[in-house]
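> Could you put together the complete structure from these sequences and hints?
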Amino acid sequence: MTGDHYKKKGGFKASIFIFVLVSLENMGFIANMVSLVLYFMYVMFFNYPNSANTVTNFMGSTFLLSLIGGFISDTFISRFTTSIIFGFIEVLGLALVTIQAYSKDLQPAYCGKASCIDGSKAVMFYFSLGLLALGAGGVKGALPALGGDQFDHKDPKEAKALARYFNWLLLSTTLGACVGVTGIVYLTTEKHKWYWGFFISTVATFIGFTVLALGKPFYRIREPEMADSPIVRIAQVIVVAINNSKLALPDSPDELYEISKTKNDFREEIISHTNQFRFLDKAAIVPKDSKTTPWTVCTVTQVEEVKILTRMLPILFSTVIMNTCLAQLQTFSVMQGNFMNRKIGNFNVPAASIPIIPLVFMSILVPIYEFFFVPFARKITKHPSGITQLQRVGVGLVLSAISMAIAGIVEVKRRDQAHRDIMKPISLFWLSFQYGIFGIADMFTLVGLLEFFYREAPIGMRSLSTSFTWLTLSFGYFLSTVFVNVINAITKRTSSSKQGWIHGLDLNSSHLNLFYWFLAILSCLNFLNYLYWASWYKYKTEEPDHSEPKAMDLTTEQLPMEEVPDPTEAKGEDLSTRMLVAEEEPEHTEAKAKDSSTGPLLVEEGSTVDGGVTEVHEGPSSVQTEDSKQQPTS
Numbered sequence: 018m019t020g021d022h023y024k025k026k027g028g029f030k031a032s033i034f035i036f037v038l039v040s041l042e043n044m045g046f047i048a049n050m051v052s053l054v055l056y057f058m059y060v061m062f063f064n065y066p067n068s069a070n071t072v073t074n075f076m077g078s079t080f081l082l083s084l085i086g087g088f089i090s091d092t093f094i095s096r097f098t099t100s101i102i103f104g105f106i107e108v109l110g111l112a113l114v115t116i117q118a119y120s121k122d123l124q125p126a127y128c129g130k131a132s133c134i135d136g137s138k139a140v141m142f143y144f145s146l147g148l149l150a151l152g153a154g155g156v157k158g159a160l161p162a163l164g165g166d167q168f169d170h171k172d173p174k175e176a177k178a179l180a181r182y183f184n185w186l187l188l189s190t191t192l193g194a195c196v197g198v199t200g201i202v203y204l205t206t207e208k209h210k211w212y213w214g215f216f217i218s219t220v221a222t223f224i225g226f227t228v229l230a231l232g233k234p235f236y237r238i239r240e241p242e243m244a245d246s247p248i249v250r251i252a253q254v255i256v257v258a259i260n261n262s263k264l265a266l267p268d269s270p271d272e273l274y275e276i277s278k279t280k281n282d283f284r285e286e287i288i289s290h291t292n293q294f295r296f297l298d299k300a301a302i303v304p305k306d307s308k309t310t311p312w313t314v315c316t317v318t319q320v321e322e323v324k325i326l327t328r329m330l331p332i333l334f335s336t337v338i339m340n341t342c343l344a345q346l347q348t349f350s351v352m353q354g355n356f357m358n359r360k361i362g363n364f365n366v367p368a369a370s371i372p373i374i375p376l377v378f379m380s381i382l383v384p385i386y387e388f389f390f391v392p393f394a395r396k397i398t399k400h401p402s403g404i405t406q407l408q409r410v411g412v413g414l415v416l417s418a419i420s421m422a423i424a425g426i427v428e429v430k431r432r433d434q435a436h437r438d439i440m441k442p443i444s445l446f447w448l449s450f451q452y453g454i455f456g457i458a459d460m461f462t463l464v465g466l467l468e469f470f471y472r473e474a475p476i477g478m479r480s481l482s483t484s485f486t487w488l489t490l491s492f493g494y495f496l497s498t499v500f501v502n503v504i505n506a507i508t509k510r511t512s513s514s515k516q517g518w519i520h521g522l523d524l525n526s527s528h529l530n531l532f533y534w535f536l537a538i539l540s541c542l543n544f545l546n547y548l549y550w551a552s553w554y555k556y557k558t559e560e561p562d563h564s565e566p567k568a569m570d571l572t573t574e575q576l577p578m579e580e581v582p583d584p585t586e587a588k589g590e591d592l593s594t595r596m597l598v599a600e601e602e603p604e605h606t607e608a609k610a611k612d613s614s615t616g617p618l619l620v621e622e623g624s625t626v627d628g629g630v631t632e633v634h635e636g637p638s639s640v641q642t643e644d645s646k647q648q649p650t651s
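Under the working numbering, read the sequence shown as residues 18 to 651, first letter to last.
Misleading hints may appear alongside valid ones.
To be verified - Label pairs and their computed distance ranges (CB to CB): (1) TYR59 / ALA506: 21 to 29 Å; (2) LEU548 / ASN502: 37 to 45 Å; (3) PHE296 / ILE94: 31 to 39 Å; (4) ILE94 / VAL503: 37 to 45 Å.
No lab work stands behind these hints, which were simulated from the structure alone.
Bear in mind that the values here come from a model prediction, so they are computed numbers and not experimental data.
In this text, a Cβ means the ideal position worked out from N, Cα and C, and glycines have one as well.
Quick look at the structure:
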């Protein structure tokens, strides 16, 4: 693909197809997130704890499986193809759920136990949920990165557009969810037509992926190579670093192994050396007695990729508790709503529709944030997104703790009123406080994490890295299951009633408020932990540390001559002339240019849109430019 052809593709004209899919798919996905707990209780006959745990296990599995989609799209096939394949699996899973919800013969009879489903009915139940989790998870692992690929992060204008893309992705999700938690939830929970709700979700999702497929001519599609599998590259660094553990690091990082950008076309970037995790630098020590192979020496860029992913891990784990809080709003808060006054006049509001309140807030706040706050903050901070991604996440973590504290207070009020007069419950809209605050928290945190993991990731690992956002959700849901089981087991032994905080089918005799406050306290402690790691983290986009030398191109300077590929065959130019010009450049100075008919090297240092990446450009030459060589294929 030529450079001009590449530039004509991508941007928001391509992203619009992704936004349509996200809206249609989440119309059913979000509706199912908030209502499945009732489906499991009243159709599949699980008790309260088992219903909540089944939902959190299902959601946790969905987001965990996003890693598969991310890995496949970074390694074997394009993000577009990955999205289409897993989209088919998701539609198939929804179709099977619809069939079971329609046929009474495929549903269990009430038995009074914790779970009544067994035999072939259980097989179909768990198989259909498994397919749905695999399909939805795989799509989430590839689709956000596909949209991000439509913007060139090295172009200042497109870098700003990339920040807007993630905000509009959230808005698309929100608009689809608004339809789901009102229309679909009303059909399923009030009219008890579960199969109609699942059928509408199936059709909407199918239409969404059809729209995605129609947009293919507009996409910038990047085909991965097996040799650049992120898992393989990570494994190579770890293995070589361990093998070289007894070797001493060189005095200067410029003695570590690196290749020139011209030989690194697929990676499209060279990442500057950093002093964190110095043990991993041993993977870039040039071997003296053996040939340079991927399993005997790694480039500095490859080592830095692993360092970046390692730096991300504390951020990932610091957001898990917030997603455990989110799980409560999709399970126990919905159960609370069933014990409250749900009437507006003569209309009965479905308890699972209460998330419409934060969704409406978000639908209004996202454009305000995008059009007013970001431009204002950008003038002050000079950051393309207004504030940094980690600052956004921090705001969300604070709000999530407040949401849980308020949830506990509301539960006390609800339960006390039920004990006084069960026929006069408090209004369902008391739940809007905890939902509204958490909705704003989600607006900050979800977009912040998606943009953070996408921007900071090495180019060839962006799908896998973006999946870290969903991985935090997965861990949060699984941790919710653990907390419910462990706390119930402990409090059952210590309480005088010999009952856990959350037990049986009567929420009025439980102590859900204590569970909420436990999560609020845990969220506060987690925020302090997050502050430490967020302040420790060094953005990839920061200006490189000019106090240390750059790793040099050892393919031409340190290796035996017989191992160096013929540069004239590879590039048709005098590489020795290029290296001489590069060596004569003083380190850490402004860009200098030297004119030569052979296309001498121009070294340009300083902050770039990516930061931490030293750009290498070529002067005028009849040789094809680097930009045109690096364009992805469609």
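> None of the hints should be skipped; say for each whether it holds.
Hints and how they fare:
With their beta carbons about 26 Å apart, TYR59 and ALA506 fall inside the hinted range of 21 to 29 Å. Under the hint 37 to 45 Å, the C-beta atoms of LEU548 and ASN502, about 30 Å apart, miss the expected range. For the pair PHE296 and ILE94, the supplied restraint of 31 to 39 Å holds, since their beta-carbon distance comes to about 34 Å. At about 41 Å, the beta-carbon gap between ILE94 and VAL503 stays in the expected band of 37 to 45 Å.
When the structure is compared with the earlier hints, a violation turns up for hint 2 alone.
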